[in-house]
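S.K.: The hints should help you fit chains B and C with the ligand onto chain A, whose structure is shown.
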Amino acid sequence: MEALRKAEENFVVLKAFNDLVLDVVSKDLCTKCGMCVSSCQVHAISMTDEGPKSVGPCRQCEACYYGCPRSPATSEELLKASLSSEKKDDILGSYNKIVSARTVLSEVKSVAQDGGVVTTLLIYALEEGLIDGGIVASKSTIEAWKPVPKVALSINDVLEAAGTKYSNCPSLVALKDALYGYDLSKVCVVGVPCQVTAARNVKVQPKAARKIGDKIAFIIGLFCMESFPHVKLAQFLTSNGIDIAKVSKFDIKEGKFRVYMGDAEVLSVPIRNLKDYANRFCETCRDLTSWYADVSVGAIGSGRDWSTVIVRSDEGAKLFDGAVQNGYLEVKDIESDGIESLRKIAKRKASKN
Amino acid sequence: MRLPSLIREVWANLLKKPATVKYPFEKLPLSKTYRGKHELMRDRCVGCGLCAKICPAFAITMRSVYGKVSPEVDLAKCIFCYQCEDVCPRGAIKRGKEYELASWSRNEMIVR
Amino acid sequence: MSSIDLIVGPIHPALHEPERFVFKIDGEIVVDVEPRLGYVHRGIEKALSERTYIKDIYLVERVCGICNVAHTLTAAQAIEQAFGVEVPRRSKYLRTIVHELNRLHSHLLILGVVCELIGFDTLFMLFWRDREVIMDLIEMITGNRVMSAYNIIGGVRRNIGDFEVTQIKGVLSSLAKRVKQYKKVFMDDPTIRARCAGVGYLSRAKALALGAVGPTARGSGLELDVRVDEPYAAYDEVKYCAVIYNDGDVWARLMVRLDELLASMEVINECLDKMPSGPIRVPVPEAAPQSAEGVSVIEAPRGELIHHVYTKRDDDKPFRYRIRTPTYANIPAVCEMLKGCYIADIPAILASIDPCFSCTDRAALIDTNSGEKRIIDILSLARRSKK
Ligand SMILES: Cc1cc2nc3c(=O)[nH]c(=O)nc-3n(C[C@H](O)[C@H](O)[C@H](O)COP(=O)(O)OP(=O)(O)OC[C@H]3O[C@@H](n4cnc5c(N)ncnc54)[C@H](O)[C@@H]3O)c2cc1C
Numbered sequence: 001m002e003a004l005r006k007a008e009e010n011f012v013v014l015k016a017f018n019d020l021v022l023d024v025v026s027k028d029l030c031t032k033c034g035m036c037v038s039s040c041q042v043h044a045i046s047m048t049d050e051g052p053k054s055v056g057p058c059r060q061c062e063a064c065y066y067g068c069p070r071s072p073a074t075s076e077e078l079l080k081a082s083l084s085s086e087k088k089d090d091i092l093g094s095y096n097k098i099v100s101a102r103t104v105l106s107e108v109k110s111v112a113q114d115g116g117v118v119t120t121l122l123i124y125a126l127e128e129g130l131i132d133g134g135i136v137a138s139k140s141t142i143e144a145w146k147p148v149p150k151v152a153l154s155i156n157d158v159l160e161a162a163g164t165k166y167s168n169c170p171s172l173v174a175l176k177d178a179l180y181g182y183d184l185s186k187v188c189v190v191g192v193p194c195q196v197t198a199a200r201n202v203k204v205q206p207k208a209a210r211k212i213g214d215k216i217a218f219i220i221g222l223f224c225m226e227s228f229p230h231v232k233l234a235q236f237l238t239s240n241g242i243d244i245a246k247v248s249k250f251d252i253k254e255g256k257f258r259v260y261m262g263d264a265e266v267l268s269v270p271i272r273n274l275k276d277y278a279n280r281f282c283e284t285c286r287d288l289t290s291w292y293a294d295v296s297v298g299a300i301g302s303g304r305d306w307s308t309v310i311v312r313s314d315e316g317a318k319l320f321d322g323a324v325q326n327g328y329l330e331v332k333d334i335e336s337d338g339i340e341s342l343r344k345i346a347k348r349k350a351s352k353n
Numbered sequence: 001m002r003l004p005s006l007i008r009e010v011w012a013n014l015l016k017k018p019a020t021v022k023y024p025f026e027k028l029p030l031s032k033t034y035r036g037k038h039e040l041m042r043d044r045c046v047g048c049g050l051c052a053k054i055c056p057a058f059a060i061t062m063r064s065v066y067g068k069v070s071p072e073v074d075l076a077k078c079i080f081c082y083q084c085e086d087v088c089p090r091g092a093i094k095r096g097k098e099y100e101l102a103s104w105s106r107n108e109m110i111v112r
Numbered sequence: 001m002s003s004i005d006l007i008v009g010p011i012h013p014a015l016h017e018p019e020r021f022v023f024k025i026d027g028e029i030v031v032d033v034e035p036r037l038g039y040v041h042r043g044i045e046k047a048l049s050e051r052t053y054i055k056d057i058y059l060v061e062r063v064c065g066i067c068n069v070a071h072t073l074t075a076a077q078a079i080e081q082a083f084g085v086e087v088p089r090r091s092k093y094l095r096t097i098v099h100e101l102n103r104l105h106s107h108l109l110i111l112g113v114v115c116e117l118i119g120f121d122t123l124f125m126l127f128w129r130d131r132e133v134i135m136d137l138i139e140m141i142t143g144n145r146v147m148s149a150y151n152i153i154g155g156v157r158r159n160i161g162d163f164e165v166t167q168i169k170g171v172l173s174s175l176a177k178r179v180k181q182y183k184k185v186f187m188d189d190p191t192i193r194a195r196c197a198g199v200g201y202l203s204r205a206k207a208l209a210l211g212a213v214g215p216t217a218r219g220s221g222l223e224l225d226v227r228v229d230e231p232y233a234a235y236d237e238v239k240y241c242a243v244i245y246n247d248g249d250v251w252a253r254l255m256v257r258l259d260e261l262l263a264s265m266e267v268i269n270e271c272l273d274k275m276p277s278g279p280i281r282v283p284v285p286e287a288a289p290q291s292a293e294g295v296s297v298i299e300a301p302r303g304e305l306i307h308h309v310y311t312k313r314d315d316d317k318p319f320r321y322r323i324r325t326p327t328y329a330n331i332p333a334v335c336e337m338l339k340g341c342y343i344a345d346i347p348a349i350l351a352s353i354d355p356c357f358s359c360t361d362r363a364a365l366i367d368t369n370s371g372e373k374r375i376i377d378i379l380s381l382a383r384r385s386k387k
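Going line by line, the protein sequences match chains A, B and C.
If you're matching positions, the first sequence starts at 1 in the numbering used here and goes up one per residue.
If you're matching positions, the second sequence starts at 1 in the numbering used here and goes up one per residue.
If you're matching positions, the third sequence starts at 1 in the numbering used here and goes up one per residue.
Just chain A, same shape as in the assembly (with noise of 0.2 Å):
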């Protein structure tokens, strides 16, 4: 007790939960990406649809306010410094290579969103020793396209959790169960920038839960430009007479959000016009495709059916091109006109917001 107090003194004021909540969740900033409660050692955060919870006594290790994406103490310099890629580049962030590429697996293609590049990637480095799990947003069991943070160990884990919901889905809350709960030793994240960060976070920041960011061997991006809220999305649905549950997939294409009932688009309206639908965290959000990951993947830049890849580090180059090499991805060169609308398009985000 002595020895607690003692130490107790000479603390400088130490950034607790409640900070996080102070200046992140009570600003409406929170993205919701399950970092913080991966990152408490004590377990004493949780999340909800609300964003994260006190479920127990705060030991003020400030391990859950310097890991989350948005606050107000994450460097981006250091962000920045960690990836060592020959283009910088302010808008698409700096990147080794951009290319297009698809999955050769016919099991991905009928499952994927787009080139089925994300999943055939974990596939890879699953069956090659390289991860022992990857985090991954998940389908739930029990409400109709609503993301559930899952730890893939099997491909079939994987190719369950293809195709992207666009709700957002507090993905890194499996880091836990993944590090503290399966005990594994290196995973690869999945997720949208926001949860791209706080992986990259974790791995650089010196304050954050380095621990975690030790074992994350791959951070893979996809683009995104907005994400709905599941109760929103559902709501959105239900006004122009869709029953969520029966819609096979959701696609956002030439800036139409299109739906899919089995093979048939059954709605396709303009993204502007889903604006009051979106997250309010997304307003703030000025990255488009994902600086601070080892690979990024979206669909903007390519034609149909194929993926955008852009790879901008020496860990995601070794992921992506040992995939090609090994016959699991076919790549092509990215059309001029790609990297130009990819480029339009971020810059719209960027300035927008």
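Honestly, the hints are just simulated from the structure, not real lab data.
Every value quoted in this text rests on a predicted model; they were computed, and no experiment measured them.
Don't be surprised by glycine CBs; every beta carbon is placed ideally from N, CA and C.
All clues stand as given, with none of them false.
As a list, the in silico DSS-like pairs of lysine-lysine whose alpha-carbon atoms are at most 27 Å apart: (1) B:K16 <-> C:K169; (2) B:K37 <-> A:K186; (3) A:K246 <-> A:K232; (4) C:K184 <-> B:K17; (5) B:K16 <-> C:K183; (6) C:K183 <-> B:K17; (7) A:K203 <-> B:K68; (8) B:K97 <-> A:K186; (9) C:K317 <-> B:K77; (10) A:K109 <-> A:K249; (11) B:K17 <-> C:K180; (12) B:K17 <-> C:K177; (13) B:K16 <-> C:K177; (14) C:K169 <-> B:K27; (15) B:K16 <-> C:K180; (16) A:K53 <-> C:K317; (17) C:K184 <-> B:K16; (18) A:K27 <-> A:K207; (19) A:K27 <-> A:K80; (20) C:K274 <-> B:K32; (21) A:K53 <-> C:K312; (22) B:K94 <-> A:K186; (23) A:K207 <-> B:K37; (24) A:K80 <-> A:K344.
Pair ranges (Cβ atoms, derived): (25) A:N326 <-> C:T166: 27 to 33 Å; (26) B:W11 <-> C:F163: 30 to 36 Å; (27) C:D314 <-> A:D28: 23 to 29 Å; (28) B:R106 <-> C:P190: 53 to 59 Å; (29) C:I343 <-> B:K77: 39 to 45 Å; (30) B:K68 <-> A:N18: 21 to 27 Å; (31) C:S277 <-> A:T48: 25 to 31 Å.
Reference excerpt, derived from the structure (chain A facing chain B, CB under 7 Å, subset only): (32) Q41; (33) R59; (34) C61; (35) E62; (36) A63; (37) K207; (38) A209; (39) R210; (40) K211.
M.R.: For chains B and C with the ligand alone, kept in the frame of chain A given last:
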């Protein structure tokens, strides 16, 4: 009646290597998970003090040295449970393999 | 008939821990015995309610070093029950494996000690040699030979892989052969029969009346085994039959332990085969989510072990923690066994219940009139209750 099994036992033990090792000169291999003396990685530590707060044996104190607060593990109190390693968010405490920790003075029992 | 008091302890070469026994003897024969407990009272129960739950796990581990896994397992289960936490299935299997390894090492230890006490030093050496390989297994899994620090609230701390599984199986299969050989020695070695058979007799009725637990009870023909009666951890999914001997003497109690060695090895092997994949622990916040109580009963190497915890909502410390250890329950039984035996048999009889005094000494009595606090032994407690 019980003689043959006895002879077999004697024979087997005569030919066996000794079950013991000559300790200071020879050491038994340690398991991968062995919990020995702490290795503190000062460059990783940010001085949050979570280890000191969680330590079941109150063996860790936070001391500031040249303006940097970092933990000191008193091995005389430590129970080697490595809850501190489990709980350190920055991975600044590592399990060491050193187990010969006897010393003449208490000062030497402190890992900094 | 005049009798002489023979005082053994608190510090005595034949006792492994400080405890005082006053034997009333008539010639060579013990007529009566009065134990005096409390020399190693450490106030652990109070200390437990002064510390957070995480620290408590490590403190209960130190109630008794030999059966440390049993204590942490019980504490974790009790706290989990109070918290309303369900642990993953894989962790239940891992807990069972380490718990049984712990039992193996504890039983091998006491079998060796008894052999030494009856003057059979060779067998003592052999038992302790074999105990060493179990200690190595425990170190391989948990990171330390004795203090395993393995169970935590919400699961276990380390996983095992294929390498560990083959290692454990290899060691156990060679150990099983040796244990069978020792069993043969125990069955027909004249020294052991002479020193153990018929010594320290405890009838079934007496064992029941005095509330004996564990191998002491099973050696007197009582079918008491928590693993069978109230399966915990993975015992509801593995086959296990209680080992019962009806003779009621030192020999029977030792045979129960020997047979339990073999049974434990089977349990471990079955657990290794059946072990499901999955997470090994779930995160549990430090504070209790509700005011509740949790009770956990397990079969420790020495018998039934009970931990009882009261939690207070949003508090990170237990409101009250109560431990009931097996040796404490066996003290009345051992007093009964000692009556009528020879002085020379005292060590063997005492050791046959595998006494662990440090886990016994926790009973405290407070006189509400004077506020005086003192430790009271079980016999004067019994005497008081008769008044
Ligand atoms: C909310 C959101 C908005 C997006 N907006 C755009 C956009 O405007 N323009 C564009 O080009 N691309 C966008 N994408 C990316 C695109 O939909 C595809 O995910 C990407 O092209 C990868 O395709 P794939 O076939 O390789 O993916 P797949 O192989 O099908 O794998 C998809 C992976 O994404 C993960 N995932 C799915 N939903 C989520 C989620 N909500 N949160 C975290 N991870 C998830 C899954 O776990 C899966 O591993 C968006 C993705 C999301 C999640």
